[in-house]
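**Student:** Below, each chain spelled out in residue letters.
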Amino acid sequence: MTFRSGLIIALTVAAVRPALAAGDDDAKPDDSAKKADDSDKDKADSDKKPEAVKVEALVAEPKIEPPKRTAASGFFAEGGLGAVNYFGKTAKAAALGPAMSLRLGLDLFSWFSVGIFASASNHEATVPPPPEGEWFQLYRGGGDGRLGGRIERIAFFIEGGVGIAIISSNVLQGVMITDPGEKYSITFHGGGGLEYQLENRHFAIGLGIDGFFVKQFANMSALDSRLYIRYTYGGG
Amino acid sequence: MGIRYLLIASVLVACANDPEYVKCGATDTMDVCMIDSANATGSGSAASAKGSLHVPVMPPDMDLMKITTDLQATMPADVMVPIYRLDQYDLSVEWTVKNLDDKDGQFKLALNGANEVFAWDPSLIVPADDEAPPTPSLAGDIPTDIPAMGQVDGVFREDQLVEAAIDLDQISRANINPFAATLIINKNDPSFQPLSVQLPPPAGSNMPPMQTPTGSAVPRAAFRQFVRIDLALKTLGPHLTVEYALRVRPHVAKVIHDMGMDAPAAEIHIYDPPTYMPGPAP
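Chains as they are written, first to last, in the working numbering: chain G, 1 to 236; chain C, 237 to 518.
In case anyone wonders, no lab produced these hints; they're calculated from the structure.
In this text the structure is predicted, and so the values were computed from the model without any measurement.
One thing to keep in mind: the hints can contain errors.
List of simulated lysine to any residue pairs, SDA-like, C-alpha gap at most 25 Å [unchecked claim]:
1. G/K183 with C/T477
2. C/K286 with G/E132
3. C/K334 with C/R393
4. G/K183 with C/S328
5. G/K89 with C/G261
6. C/K334 with G/G133
7. G/K183 with C/D264
8. C/K490 with G/E182
9. G/K215 with G/R150
10. G/K215 with G/I166
11. C/K334 with G/A125
12. G/K183 with C/L300
13. G/K215 with G/V175
14. G/K92 with C/T477
15. G/K183 with C/M385
16. G/K183 with C/P500
17. G/K183 with C/A501
18. G/K183 with C/P295
19. G/K183 with C/H487
20. C/K286 with G/K183
21. G/K183 with C/C269
22. G/K89 with C/E479
23. G/K89 with C/P255
24. G/K92 with C/M385
Input sequences plus hints: build the corresponding full structure.
**Tutor:** In structure tokens form, the structure reads like this:
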């Protein structure tokens with residue numbers, strides 16, 4: 001076939017194609033009337049009230065409870081701020097003063113932990129002048145044990161320990177609470193407290209109150225109250 | 237890790253500067269910590285009741301002697317380094333005056349002292365004539381009112397004691413006029429220059445010869461510190477008592493005994509040097 005013949009055939013096909021398409025449309029059957037009949041039937045069906053159908057619950061509706069407040073257990077660190085107030089003879093010579101404390105420990109069981117502590121408090125010496133308006137510091141450090149339990153978010157404990165106390169100066173020597181050259185003493189403490197577990201299982205805040213006794217400093221006795229925050233490194 | 241070591245070091249340094257309060261103890265019965273105006277000696281405005289309290293310095297051990305020797309090696313040959321120096325400890329004196337009478341009064345409390353070489357007692361120095369002012373004390377001696385049956389508390393601060401110690405060293409070692417030493421603030425001086433002895437005016441003249449610098453300047457590292465505090469209570473009126481306590485803040489170990497004046501006699505060194513008498517006044 002020559003090029004000229006092919007071109008003539010292509011042009012001829014392009015010219016008659018629209019005419020052929022129009023003819024296909026005319027050949028399709030007309031179903032619009034059938035569609036109208038179906039819609040009338042559906043409308044008649046919808047006018048009827050549906051029969052009541054019983055639906056039985058296969059699974060009881062779940063009752064959603066708040067998750068239990070878990071507490072981590074293991075190595076922990078506590079930091080606290082509070083106050084130390086003296087009793088007896090020392091109360092006349094030393095005023096109430098601020099205190100800070102640090103405790104590191106390990107939960108051996110859920111109800112028992114051991115640890116070491118360090119605390120420092122600052123007090124004004126209210127001894128008969130002179131001197132007047134002087135301050136001294138009492139440092140304490142040692143080890144202790146804690147017994148406790150937990151009800152939901154609240155934990156309670158009792159604790160006791162032994163350690164060493166260091167006084168920063170001899171300002172109390174004039175009232176014979178310390179002897180000449182005396183700076184160190186053994187100290188015992190005991191007390192208890194409450195703890196509130198936060199949503200984060202590692203953190204808890206608490207209130208602790210301990211009484212402590214310093215033997216060599218004229219049997220000095222005092223009350224140490226503190227608010228603390230605790231971080232536990234272990235899992236829950 | 238660096239912060240942790242810094243915190244530990246801070247606590248240790250803070251403990252090294254803890255003060256010690258010294259009162260009269262068993263070691264030196266000559267110390268008087270309560271002065272009573274009823275025991276005043278002298279007459280008129282010169283009457284005073286005195287008391288003194290030693291600083292509980294320890295005899296120098298091998299370490300302290302070595303430090304002193306090493307420091308001496310850095311000094312000019314004519315500058316003597318004392319054993320107890322200004323940089324080893326700070327002193328302050330807290331006092332309480334009580335009026336035992338039912339009438340108001342006035343008092344003056346003067347502070348003097350002694351270093352390891354000389355003591356200063358202005359009451360022993362007679363003025364040249366009736367018009368000459370009395371020899372000054374090293375600190376205090378300020379008229380203070382006190383109400384009937386009342387109480388007045390006060391303190392000679394650490395910087396005042398530093399100033400007083402330097403003044404005594406200048407007067408006794410540098411021949412500086414007591415009035416010049418006490419009226420000029422010297423507590424921050426890095427050194428002082430010794431002068432020639434004050435001579436009386438030559439015949440036919442009222443002007444004494446000028447004092448000239450002599451020898452090497454004494455650096456601050458060689459300034460002498462007090463080893464004894466003396467207080468003098470002066471009053472013309474009611475019956476007064478003074479109680480006082482010495483507050484020592486050591487900066488180096490093994491210089492101040494932690495038992496104060498209750499330490500065993502062999503463990504502290506009690507200095508009672510002679511009183512310095514300056515050259516003739518102009």
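**Student:** Give me the numbers of the hints this structure contradicts, sorted from smallest to largest.
**Tutor:** 1, 9, 15, 20
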